[in-house]
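**Student:** Could you build the full structure based on these sequences and the hints that come with them?
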Amino acid sequence: MALRATVKSLAGGVGREQCIRMLSVSSAKQASWWTDVEMGPPDAILGVTEAFKKDSNPNKINLGVGAYRDDNGKPFVLASVRKAEELIASQKLDKEYLGIGGLADFTKASAKLALGADSEVLKSGRSITVQGISGTGSLRIGANFLQKFFPGNKVIYLPSPSWGNHTPIFKHAGVDVKAYRYYDKNTCGFDEAGALEDIANIPKKSIIMLHACAHNPTGVDPKPDQWKALSKVIKERELFPFFDMAYQGFASGDTDRDAGALRQFIQDGHNVCLSQSFAKNMGLYGERVGAFSLICQDADEAKRCESQLKIIIRPMYSNPPVNGARIASTIMNTPDLNTVWLDELKVMSGRIITMREQLVANLQKEGSTRNWQHITDQIGMFCFTGIGPDQVAKMTKDFSVYLTKDGRISVAGISSKNNAYLAHAMHEVTK
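In this note's numbering, each residue carries its 1-based index in the sequence shown increased by 9.
Since the hints were derived computationally from the structure, they do not count as laboratory data. Cβ coordinates follow ideal geometry from the N, Cα and C atoms, glycine included. Incorrect hints may have been included.
Here are the computed distance ranges between Cβ atoms for each label pair [claimed, not checked]:
hint, residue 1, residue 2, range
1, E310, P67, 52 to 62 angstroms
2, A188, K241, 12 to 22 angstroms
3, S169, D52, 31 to 41 angstroms
4, K180, A126, 45 to 55 angstroms
5, K232, W42, 31 to 41 angstroms
6, E95, K319, 47 to 57 angstroms
7, T378, P160, 33 to 43 angstroms
**Tutor:** Next comes the structure, spelled out in structure tokens:
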């Protein structure tokens with residue numbers, strides 16, 4: 010009836026057919042292209058942070074954010090970074106585009122840091138390293154390359170659990186994602202038997218993801234002899250190892266030690282690929298500094314792969330940002346600054362280790378009879394506490410301690426000022 014009335018009203022000045030066309034155009038203009046787009050689920054980590062911000066409790070603690078904080082809970086800019094920035098500023102460099110593969114001084118230094126100065130791979134020229142947009146972008150470069158060129162099964166097996174972004178990165182690139190056992194909930198440690206059994210049953214010529222050090226989100230790393238066992242079965246199954254190294258130097262304070270698993274695999278004859286991030290170990294979170302490396306059979310193969318990596322990168326983001334790469338390159342290639350940086354890695358990793366030790370000691374002071382040894386056995390920024398979802402909810406409700414539902418905490422959010430309070434909250438919900 011309303012449409013008829015409108016048509017009748019308009020028909021006085023225009024023809025009936027023209028009137029209907031005018032109404033159709035008006036209706037089309039009002040319709041949206043995106044009516045069927047559903048609201049996406051909120052990010053779990055960001056949700057924790059938002060809830061924390063709204064809490065008025067002066068004792069509140071945010072253990073969700075994966076970024077280093079000093080003992081006052083403040084963001085920490087490394088002295089080596091500040092000095093590198095000063096040095097770069099004094100040179101009055103231009104802001105021209107980098108090449109598709111990134112800053113050459115940076116990519117060479119990144120490969121040297123990961124593989125070691127005396128690496129046979131580097132001496133033979135059988136590897137290629139390109140700059141990526143931090144760890145995430147470097148993983149995506151690798152995922153796209155594997156999707157297009159990997160001759161085996163285009164399936165990657167992730168440890169269970171793994172970093173939450175691993176799955177969408179590979180799925181969006183067209184690589185299927187499956188899992189192998191890794192974390193033992195009963196011990197809050199590495200499930201060696203489960204991992205070896207599952208890996209031994211992965212179809213040959215598939216891809217396997219390995220966290221080089223400071224496993225995210227559990228903080229559980231295999232011991233050296235366990236890495237050797239993993240290398241052996243992975244080689245027997247003819248699997249292609251993809252190492253993700255986001256915490257080199259940040260885990261133990263020793264860059265060589267943290268690269269031990271990667272170097273062990275190469276020594277064992279694996280040709281691997283590697284993603285690196287300089288967000289954590291240099292505090293360059295917002296600069297988005299990373300690298301992707303591919304170890305090849307020989308120098309000729311490396312050149313061919315490099316050409317295809319550039320073809321993948323070009324339509325993705327054309328070329329990487331220059332500022333962060335200059336900072337990281339300056340630190341790694343300037344001996345005095347590199348020494349300062351290596352010392353700062355010891356300070357940052359040392360604070361994390363100390364917070365773990367104090368937390369266990371404070372839990373014991375609270376009278377807890379649970380075995381909390383896994384807190385000090387685990388390494389790096391994150392810790393899987395073994396606390397369940399109901400206990401997490403109680404910690405948040407009663408004590409304003411914010412963490413993800415799986416019981417993961419960012420140890421960087423613990424300080425000497427809130428350590429005892431956190432221990433009290435953990436004891437109260439687990440006793």
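**Student:** So, for every hint listed, does it hold in this structure?
**Tutor:** Verification of the supplied hints:
no., hint, in the structure
1, E310 - P67: 52 to 62 angstroms, "60 angstroms, holds"
2, A188 - K241: 12 to 22 angstroms, "21 angstroms, holds"
3, S169 - D52: 31 to 41 angstroms, "21 angstroms, violated"
4, K180 - A126: 45 to 55 angstroms, "37 angstroms, violated"
5, K232 - W42: 31 to 41 angstroms, "55 angstroms, violated"
6, E95 - K319: 47 to 57 angstroms, "33 angstroms, violated"
7, T378 - P160: 33 to 43 angstroms, "54 angstroms, violated"
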